[in-house]
Structure formats: structure tokens, C-alpha cells
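Trainee: The residues making up each chain are set out below.
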Amino acid sequence: MTDGRRRAWLLIASFGASAALLKPVQDRVDARFRQPSTVLDVLYFGSPRVARALALGYNSLLADVYWMRSIQYYGRRDEAARRPVRYGNLVALLEITTELDPDLLDAYRFGGVFLAEPEPAGAGRPDQAIELLDRGIVRHPLEWRLYFDKGFTYFWFVKDYAKAAEAWLAASRLPTAPNWMEALAAMSLSRGGAVETARALWERQDQESNRQDVKKNARNHLISLRVDEDRWTLEFFVERYRKKFGAWPARLADLVRVGLLKYVPHDPSDTPYLYDPATGEVRLSPATGVLYLKIPYDYRAAFMEKLARAFGPN
Amino acid sequence: MRVLAIARNTFRENIRDKVLYNLVLFALLMIVSSLALGQLTLGHTDKVIVDLGLSSISMIGTLIAIFIGISLVSKELERRTVYALLAKPVHRWEFILGKFLGLAFTLTVNVVIMTAGLILTLACHGVGAGSCLRLLPAVYLILLSLGLTTALALVFSTFSTPALSALFTFFLWVIGHFNGDLLELGRLVESAVFLRLCRVLYYVLPNFSNFSVIDSRNVIQSAAYYRPIDPWGVAWATAYGLVYGSLLLGIAIAVFSRRDFK
Amino acid sequence: MAVIEIESLTKDFEVGFWRKRSVRALDGLSLEVARGEVFGFLGPNGAGKTTTLKLLMSLIRPTAGSARILGEPVDSVAMRRRIGYLPENPYFYDYLTGEELLAYVGSLFGIRPPMLDRKVGELLQTVGLADARRLQLRKYSKGMVQRIGIAQAILNNPEVVFLDEPMSGLDPLGRREVREVIASLRSRGVTVFFSSHILPDVEALCDRVAILDKGKLREVGALDAILNVKIEGHEIILARISSALRARLGELCDRITPLGDRVAVRAATARQVEAIVSAAVAAGAELVSVNPIRRSLEDYFFKEVEA
Chain S
0 MTDGRRRAWL
10 LIASFGASAA
20 LLKPVQDRVD
30 ARFRQPSTVL
40 DVLYFGSPRV
50 ARALALGYNS
60 LLADVYWMRS
70 IQYYGRRDEA
80 ARRPVRYGNL
90 VALLEITTEL
100 DPDLLDAYRF
110 GGVFLAEPEP
120 AGAGRPDQAI
130 ELLDRGIVRH
140 PLEWRLYFDK
150 GFTYFWFVKD
160 YAKAAEAWLA
170 ASRLPTAPNW
180 MEALAAMSLS
190 RGGAVETARA
200 LWERQDQESN
210 RQDVKKNARN
220 HLISLRVDED
230 RWTLEFFVER
240 YRKKFGAWPA
250 RLADLVRVGL
260 LKYVPHDPSD
270 TPYLYDPATG
280 EVRLSPATGV
290 LYLKIPYDYR
300 AAFMEKLARA
310 FGPN
Chain L
0 MRVLAIARNT
10 FRENIRDKVL
20 YNLVLFALLM
30 IVSSLALGQL
40 TLGHTDKVIV
50 DLGLSSISMI
60 GTLIAIFIGI
70 SLVSKELERR
80 TVYALLAKPV
90 HRWEFILGKF
100 LGLAFTLTVN
110 VVIMTAGLIL
120 TLACHGVGAG
130 SCLRLLPAVY
140 LILLSLGLTT
150 ALALVFSTFS
160 TPALSALFTF
170 FLWVIGHFNG
180 DLLELGRLVE
190 SAVFLRLCRV
200 LYYVLPNFSN
210 FSVIDSRNVI
220 QSAAYYRPID
230 PWGVAWATAY
240 GLVYGSLLLG
250 IAIAVFSRRD
260 FK
Chain V
0 MAVIEIESLT
10 KDFEVGFWRK
20 RSVRALDGLS
30 LEVARGEVFG
40 FLGPNGAGKT
50 TTLKLLMSLI
60 RPTAGSARIL
70 GEPVDSVAMR
80 RRIGYLPENP
90 YFYDYLTGEE
100 LLAYVGSLFG
110 IRPPMLDRKV
120 GELLQTVGLA
130 DARRLQLRKY
140 SKGMVQRIGI
150 AQAILNNPEV
160 VFLDEPMSGL
170 DPLGRREVRE
180 VIASLRSRGV
190 TVFFSSHILP
200 DVEALCDRVA
210 ILDKGKLREV
220 GALDAILNVK
230 IEGHEIILAR
240 ISSALRARLG
250 ELCDRITPLG
260 DRVAVRAATA
270 RQVEAIVSAA
280 VAAGAELVSV
290 NPIRRSLEDY
300 FFKEVEA
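Same order as they appear, the protein sequences are chains S, L and V. Here numbering that gives the first Met the number 0 is used: the first residue of the first sequence is 0, the next is one more, and so on. Here numbering that gives the first Met the number 0 is used: the first residue of the second sequence is 0, the next is one more, and so on. Here numbering that gives the first Met the number 0 is used: the first residue of the third sequence is 0, the next is one more, and so on.
Read the hints as simulated data drawn from the structure, not as lab findings. All residues carry an ideal CB built from backbone N, CA and C; glycine is no exception.
To list a few chain V residues with every Cβ distance to chain L over 10 Å, as calculated:
1) M0
2) G35
3) E121
4) L134
5) E158
6) H196
7) E234
8) R239
9) E250
10) V289
One side only, chain L facing chain V, incomplete, derived with CB under 7 Å:
11) R1
12) N8
13) R15
14) R78
15) R79
16) F260
Please model the complete structure; the sequences and the hints are all you need to start from.
Mentor: So this is what it looks like as C-alpha cells:
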């Protein structure tokens with residue numbers, strides 16, 4: 000083989016070897032430092048003020064970057080494995096975003112929802128959500144949506160119905176506020192905890208938000224409400240069965256057989272509910288496609304009462 | 000006019016520099032890619048296009064201003080082309096002014112090209128002409144800051160090596176965005192002397208935030224939300240640019256006039 | 000009238016980084032150049048020739064003394080309309096083409112397009128670069144650069160032309176061309192001031208020379224005067240020499256140099272010349288040449304200056 004030829008083969012061989020080694024080495028590196036997604040956990044800036052100072056006039060662009068990071072940080076929830084993911088850095092990311100660009104309304108609203116949502120849907124820190132929304136309100140005192148979000152957080156996650164009403168009332172006084180705002184405030188003052196208010200809130204949010212992720216979250220809540228009601232309805236009739244026949248039914252289908260139910264409902268993802276004949280409990284199947292968001296307070300008793308009234312003592 | 004002849008020649012030199020094309024190409028690439036990046040914000044694509052576009056124009060423009068600016072004089076000295084030139088009936092101040100105007104014109108042409116790219120990208124995304132026009136004051140302010148950066152680089156070019164000039168110019172450009180913080184720092188520390196020092200520095204150092212913040216609003220951000228920028232703010236920024244710029248050119252001319260060309 | 004007047008011109012340079020020493024590159028130079036002269040400025044490297052030219056072009060400032068060109072001080076910008084300058088090892092904007100460079104220089108003189116194009120064309124012809132006019136300067140050979148340099152120096156029809164080492168780096172053909180240009184300038188009455196360390200060129204062209212060494216002026220005057228042209232003898236070259244003639248030559252002269260199949264002998268006096276020639280003719284040898292030996296500038300340098 001001539002010198003030139005030999006050199007060419009050597010080059011090809013070394014290139015091939017390097018290319019083959021690339022993937023294993025990278026995988027090894029990743030395995031050592033766990034996931035590639037940890038880069039999202041790095042803030043780079045210690046505080047919003049530092050970020051603003053170091054922006055060198057490119058605040059708006061940097062705000063966009065941090066906004067994107069916030070969305071991706073939140074979006075990296077591992078749906079398949081249902082591993083609870085923590086959102087410890089979400090507030091910092093959003094604070095930096097809004098410090099750099101205080102006019103990014105969506106950032107305040109996004110934070111208002113997903114900072115307050117308990118895990119696994121959010122960071123579980125309604126206090127941070129309210130703080131963020133307050134900063135937004137200072138900057139945009141005429142933006143009714145921020146007040147709406149604030150009241151929402153107070154109502155749903157902090158359960159402070161007075162403060163919720165306060166926020167919604169302040170919103171209703173703004174020139175641009177929609178006319179259902181006052182009614183909402185009134186509802187909050189009259190009977191906090193009613194399922195109807197809760198349902199109304201989530202429906203409002205689904206309707207008036209234009210962000211897909213916020214809408215999806217609201218719908219998840221509405222679906223979870225339905226799941227609870229389905230379960231408790233089934234448990235109600237299972238109890239009725241027991242009272243009538245002296246034992247828990249063997250299967251939910253038995254309720255239909257004896258005429259207590261017209262049909263056995265499936266969950267909103269069309270998965271059958273799990274029934275435990277030993278205890279009479281009805282649960283969501285682990286195979287379900289529903290993302291169940293637990294309702295912060297217990298209105299099972301109130302619901303059962305309503306069912307009792309509806310279906311009579313029989 | 001001789002100044003224009005020198006300016007035209009400087010422009011010709013810059014235009015024939017391949018590095019320039021690469022930088023402008025990069026900026027245009029950034030602008031086009033912002034279309035894709037914008038999708039990541041789930042709904043703010045317009046804002047991202049403008050932010051990324053104007054920021055790219057500003058950053059690339061600054062790079063060009065610094066890297067060509069620092070060699071405006073030093074290259075002529077190093078290559079000895081200045082010898083033949085100054086033996087002609089040319090005043091030394093005409094030389095400096097001509098060099099500055101040449102690079103300023105180059106930058107203007109580049110910025111116009113990049114802005115056209117940006118507007119085209121926005122138009123593809125459905126943004127109307129009226130909104131696109133709102134970008135122009137921001138572009139003008141970016142140009143002003145580029146002019147100041149060029150003048151800074153030119154001053155260093157008259158007496159320093161390219162490496163040091165680049166360092167100093169970049170350093171001053173960075174510091175020039177912190178002027179406000181400098182004043183605040185002066186107020187924090189409990190020392191009258193330090194406060195004095197900070198205040199003096201505040202005026203002496205080039206204040207680039209005059210061009211990036213008008214009426215407490217960041218200029219690029221205003222453009223991204225298609226908000227109008229106060230014309231008086233723009234006028235005063237222009238005034239500052241002219242005053243500080245002529246100061247810098249004066250220094251450059253003074254240094255250059257006294258120089259021996261070994 | 001003197002077109003160039005230099006009076007006690009002195010230049011010190013500071014060298015060294017920490018402890019600055021003063022180096023005197025030029026020490027009290029005084030001389031005058033009259034209109035129409037071709038003046039040669041000579042000296043070994045480091046003598047101060049380029050320093051002098053830079054001082055004249057106001058590229059550097061004198062430590063002491065003064066100079067005037069065409070009656071004006073050297074920093075007068077108006078005066079520069081009437082002079083031309085070619086720097087040593089010139090370098091011009093390499094991204095420009097030949098004609099672009101000349102057009103640029105012309106615009107600095109205020110010459111406008113229709114006349115400018117004509118002038119540029121003429122000049123390119125004169126220096127023999129008409130074919131390379133659209134070629135970028137970075138592709139020019141050293142000789143071509145030198146020629147475009149001369150072109151830009153004479154573009155404005157100057158009254159005085161300053162050339163710093165105009166022949167450096169040129170091949171014999173190039174050197175001859177430059178010599179022709181200088182000669183034609185002289186015939187047009189242009190004063191030429193040029194520095195060189197290539198002595199034969201100076202010998203051929205100059206009316207007067209100044210000799211500089213280590214910053215000081217050694218001699219100035221007409222070339223003939225400096226070299227005090229004294230014929231020191233003759234050199235005779237013979238061919239077809241018989242051994243008998245060789246022996247005879249050995250008696251007649253003290254130096255016989257063999258040159259291949261020829262021989263060169265030195266004859267100190269006219270009588271010796273006569274004797275050698277007749278001896279050669281009588282022996283049937285061939286008389287190739289008889290040349291007078293003159294002390295040259297080179298000898299002067301090696302003897303006087305290096306001393």
C-alpha cells in the first residue's frame with residue numbers, strides 16, 4: 000500500500016472510531032450527572048435585580064429567554080412515570096422574567112396558576128403566587144385579569160374567602176372588568192366551599208384564558224370534580240345496596256342488576272372505576288388517563304347530603 | 000471634499016472585508032431563526048422576533064463597531080499606509096473624521112440590511128406595516144449607540160494596540176450600561192468623597208443607557224410591544240450622542256495630531 | 000532659489016521600556032537643495048536618511064532645528080499640493096486596484112472625474128502598469144508596488160519629489176525604469192530628492208549628493224568634487240598571451256590577474272600603459288580592452304565612512 004493510501008485508511012479508521020465512541024461517552028456523562036434536563040434547574044442569575052443589572056440593555060430578550068425557560072421548566076413534568084417533580088425554581092424564574100420585562104402579563108398569570116397549584120400540577124406555593132400577582136398589579140393597576148387570578152388563588156388554594164372577595168370586588172370596580180366579576184365576589188362572600196362556586200371558577204378560567212396550558216389545567220380540575228362526584232355517587236348507591244341486602248355488592252354491575260343504577264359510569268377517560276367489595280370503596284383505577292387533582296377541601300359530606308335529599312331515604 | 004474621499008475609501012475597505020459579511024449573515028440567521036424560537040413561548044412569537052432581531056442587530060453592530068473601529072487608525076499605522084496619505088494635502092483631523100464617517104456609513108448600511116431582514120420576517124409572520132414602522136426609532140437609537148462605540152474604539156485606536164483597544168472599548172461599553180447603578184452605589188456607601196467620585200464618573204463615562212432606556216422603558220422592549228417611543232427622548236439621546244461623540248473625536252484628533260509616526 | 004532648506008535639524012528618539020534612553024538619530028543637519036537639482040541622500044543603514052525624510056514630510060516632529068520646502072514650513076498642508084513622496088518599502092491599501100488607488104490619491108488633491116480618469120490612465124502608462132490597472136494591489140509584485148508608488152508620488156505634477164529608497168527590492172530592469180522616470184522628471188525641471196544606499200544609481204543620476212553617517216552630515220557637494228575624480232590608472236585586459244609575454248608583463252606591472260583565458264593588468268602611469276600595449280601587440284596578443292580606473296563612491300564609503 001502506498002503512503003498516501005495508508006494515510007487515507009488511517010484517517011477513515013480514526014474517524015470511524017471517534018464517531019462510534021461518541022454516543023457511549025455522552026451516555027456515560029449523562030448517567031453520571033443524572034439527567035440532561037438538570038440544566039433547566041440552573042438559574043444563572045442569583046436574583047432578579049442582578050439579572051436586570053447585567054442585562055446590558057438587552058432586558059427584553061433576556062426576559063423572553065427566562066419566560067421560555069419558565070415554560071419549559073414547568074413543562075418537563077414526567078407524565079408517563081407520574082413522578083412528582085418539584086418546581087422549586089419556578090418562582091425564581093418567573094421573578095427574573097417579570098423583573099426584566101414587567102409588561103409580560105402572561106408571566107404573572109402563569110405564575111398565579113402554577114405556583115399555587117399543589118404538586119404534582121404545580122409548585123404548591125400559593126403565597127408566592129400571590130406575591131407575584133401583587134407585583135403585577137402594582138405595575139398594571141388597571142388589568143382586571145390579575146385581580147381575578149389573585150382572588151382565584153385566595154379562594155381555591157388559601158381558602159381565604161374574604162380576601163378572595165376583596166380582590167374580585169376591586170376587579171369589578173375597574174372600567175374594563177366583565178360584568179360577572181361582581182357576582183363572583185358575592186358568591187365568595189356568601190358560601191365559600193360550595194361546589195358550584197368551584198365549578199364556576201374553573202369554567203371561567205377555561206373560557207377566558209387564551210393559554211393552552213392554563214385551559215388544560217382548568218379542565219383537569221373540572222374533570223377531577225366529576226370524578227369525585229362519580230365516585231361518591233357510586234359509593235352512595237353501594238351503601239344503599241348494603242343497607243338493602245346486608246352485604247357489599249360483589250361487583251358494581253350488581254347495582255344495575257338490582258335496579259339501583261341505570262348504568263355504571265366509567266371515568267372521563269373511559270376507564271372503569273375500581274371497586275373494593277371488602278370495604279365498599281370506589282377508587283380511580285391506576286390505569287386511568289385522568290390527571291386527578293385533589294380538591295383542597297372535603298365536601299364529600301355535603302355532596303352525600305345532597306344525594307340523600309335527591310334520591311330520598313329509600 | 001477630502002473628508003468624504005477618505006470616508007468613501009474607508010467604506011470601500013470595510014465592504015471588501017469578508018468578516019463583515021459573515022457577521023451580517025449571522026445576524027440575518029438569528030432573525031430568521033427567531034421564527035422557530037418564538038414558538039417556544041407559546042403565543043409571544045412576535046415579541047421574540049422583535050427582541051431577538053433588534054438585540055442581534057445591536058450586538059452584531061457593536062461587534063463590528065469595536066473590531067473595525069479599533070483598527071481604523073492602528074491598521075494604517077501598522078501597515079504604514081498612513082505615510083503616503085499624510086504626505087498629501089490632508090489635515091490630520093480630516094483623516095480622523097474621514098475614517099469615522101466611513102465606518103459610521105458602513106454600520107448604517109449594515110443596520111439597514113439587517114432591519115430589512117427583520118421587517119421581512121415580521122411581515123411573513125403577518126405583522127402589519129404600521130407596527131413595523133414602530134421599530135424604526137429603536138433602530139435609530141441602536142445606530143446612535145453604535146456611533147458612540149465607534150468613536151470610542153477610534154480614540155483607543157490612535158494610541159493603543161488593537162488587542163488593548165478592543166479590551167478597553169468593550170470594557171467601557173459594558174460599564175456604560177451601569178451608569179445608573181454607579182450613582183446608586185455612591186449613595187449607598189457612607190462617604191462623601193466616594194459619592195463625589197461616583198458622580199464624576201457618572202458624567203465622564205459614556206452613558207449607553209441613554210440610548211437603551213427612554214422614559215424608564217427599555218427601547219427594544221417598547222418596540223417589541225409596538226409602543227411608540229417619545230420623540231423628545233430620542234431627540235435628547237441624539238443630543239447626548241453628538242456632544243459626547245464630538246468630545247471623543249476631539250480627543251482622537253488631538254492625540255493623532257501630536258503623534259510621531261516612527 | 001532653494002526649494003528645500005534644512006537648518007540644524009535634530010531628532011532624538013526615546014528607546015527602551017523602563018529606563019528611557021535618548022538616541023540621537025539626526026544631529027544638526029543643515030543643507031539646501033536648489034530648484035531643478037537631482038539630489039542624492041546617501042548613507043549606510045541607520046544613518047538617518049529615512050528620519051530626515053519623515054521630518055521633511057512632517058510625519059515626525061524635530062527635537063530641534065527647522066526645515067522649509069518651497070519656502071513654507073514642513074507642516075504646511077497647502078505646500079503638500081506641490082510635492083510628491085514615495086515612502087520606503089511602501090505599502091498601499093491592498094484591497095484597492097491600481098487605478099482605484101490613483102483615483103483615491105487624485106481625489107485628495109481635488110482632481111475631479113473627467114480629468115482624473117485621464118490622468119490616471121496616463122500615469123499608469125508612464126509607469127508601465129496599464130495592464131494591471133484592474134488588479135488588486137495585494138496581487139502586485141514588489142516592483143509593481145514600487146511603480147505604483149512612484150505614480151502616486153507624481154500624480155499631482157509636483158515641483159519637488161521626495162523618494163525614499165526608490166530602487167530597493169527592484170530587479171535591474173525595474174531599477175532602470177525608475178532611473179528613466181527620475182531622468183524624465185529632471186528634464187521637466189522637477190527637483191528630485193532621493194535617498195539610497197545603492198551607489199551606482201546615485202552615481203548615474205545625481206548632480207549633488209549629501210553623505211550621512213550616524214546622524215551627522217559628512218559631506219555635501221557635487222559628486223565629482225567628493226570623489227575627486229582622479230584617474231588612478233588603467234586596467235588592460237589581454238588575451239592569447241604567450242609565456243614570454245607573461246614574464247615581460249611581470250616586470251612591467253605589479254598586478255596580474257588571470258581571468259579565465261585572459262589576463263588583467265594594472266598600469267599606474269600613462270607610460271606603463273604604453274609599454275604594456277606595445278609589448279602585447281609585439282607578442283601578437285589580443286588587446287581586449289583598456290579602461291581607466293576611477294575611485295568610485297563605493298571606495299569612498301568603505302574608506303571614509305567606515306573609518
